Amino acid sequence: EAGVAQSPRYKIIEKRQSVAFWCNPISGHATLYWYQQILGQGPKLLIQFQNNGVVDDSQLPKDRFSAERLKGVDSTLKIQPAKLEDSAVYLCASSLLVGVVSGANVLTFGAGSRLTVL
Amino acid sequence: AQKITQTQPGMFVQEKEAVTLDCTYDTSDQSYGLFWYKQPSSGEMIFLIYQGSYDEQNATEGRYSLNFQKARKSANLVISASQLGDSAMYFCAMRGPYSSASKIIFGSGTRLSIRP
Chain Y
1 EAGVAQSPRY KIIEKRQSVA FWCNPISGHA TLYWYQQILG QGPKLLIQFQ NNGVVDDSQL
61 PKDRFSAERL KGVDSTLKIQ PAKLEDSAVY LCASSLLVGV VSGANVLTFG AGSRLTVL
Chain E
119 AQKITQTQPG MFVQEKEAVT LDCTYDTSDQ SYGLFWYKQP SSGEMIFLIY QGSYDEQNAT
179 EGRYSLNFQK ARKSANLVIS ASQLGDSAMY FCAMRGPYSS ASKIIFGSGT RLSIRP
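Line order of the protein sequences matches chains Y and E. With our numbering, letter number 58 in the first sequence gets 58, and the count goes up by one each step, no holes. With our numbering, letter number 89 in the second sequence gets 207, and the count goes up by one each step, no holes.
Mixed in with the good hints there might be a few duds.
[Said to hold, decoys possible] List of simulated lysine to aspartate or glutamate pairs, EDC-like, C-alpha gap at most 16 Å:
| hint | chain 1 | residue 1 | chain 2 | residue 2 |
| --- | --- | --- | --- | --- |
| 1 | E | K221 | Y | D57 |
| 2 | Y | K44 | Y | D86 |
| 3 | Y | K15 | Y | D56 |
| 4 | E | K221 | Y | E85 |
| 5 | Y | K62 | Y | E85 |
| 6 | Y | K71 | Y | E85 |
What the hints contain is simulated information worked out from the structure, not anything from laboratory work. All figures in this text were calculated on a predicted structure; none of them were measured in a lab.
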C-alpha cells in the first residue's frame, strides 16, 4: 500500500512569511496527526483529526497555525506569519482507528517537511 | 496527565552487543499502549514494537524486545546483537485509552551509536 505522502520536503522562508504543508494519509486511515519535531527533540503533537473533525488541538498555536482536513482525506497545515522558532520538521502521520489501544493501531509517518525560517 | 521520560540522551555500544534503552511513563489510565519508534538520520519514523498494558507477555519483534514492568511503569527497549544500521534516534511513545481524545505522546529520545 502507498505510504503517507507529504510535500514539500523542504521549505525555506523568511520570518513573517507564510507557508503551507500538505499531507495525504494512507487510504482508509480515519485518524490524521500533525507533529512538530524541533531538532534534537521528540515529536510534539500539534493537531489530531478523526475523519474531518478535530479531536485535539490543545498544543496548536492558533494565533499563527491552522490546519484543515476537508472531506476527511488529505490535510493542510498552514503557518502565518512564521517565526524563527517555527523552524522544525513537520511530520504527518495516520492510523486506522481512533482511540483503539491495539498493536494494529500503529501510527505510520510520512517523510516529513523540513521548514527553515530565516 | 500522561508523560514519557527517556533519561539517556545518547549511548555508545559495540557492534554485536545487546543494548537496553530506558523508558518510563506516567499515566493514571488502566488501558494504554506503549510504542518504540526508530528515526535514522534520513528522518523517517519507523515503528519497531508495541506493548499493550494488558498484555501479560513482553512483546518481541525479531531482534527487538520490550521489557515491560507495569508496576514500575517502565517499558525498556532491548536490542539484541546490535548492528551498525541500528545507529539512530529511538523514541518511546504512549497512547491513552479508547476515547475520542486518545493521542500519542513521545519522549525526548535516545541517540544510539553503534561502534564497529
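Task: Hint numbers not upheld by this structure, sorted from lowest to highest - done: 3, 4 and 6
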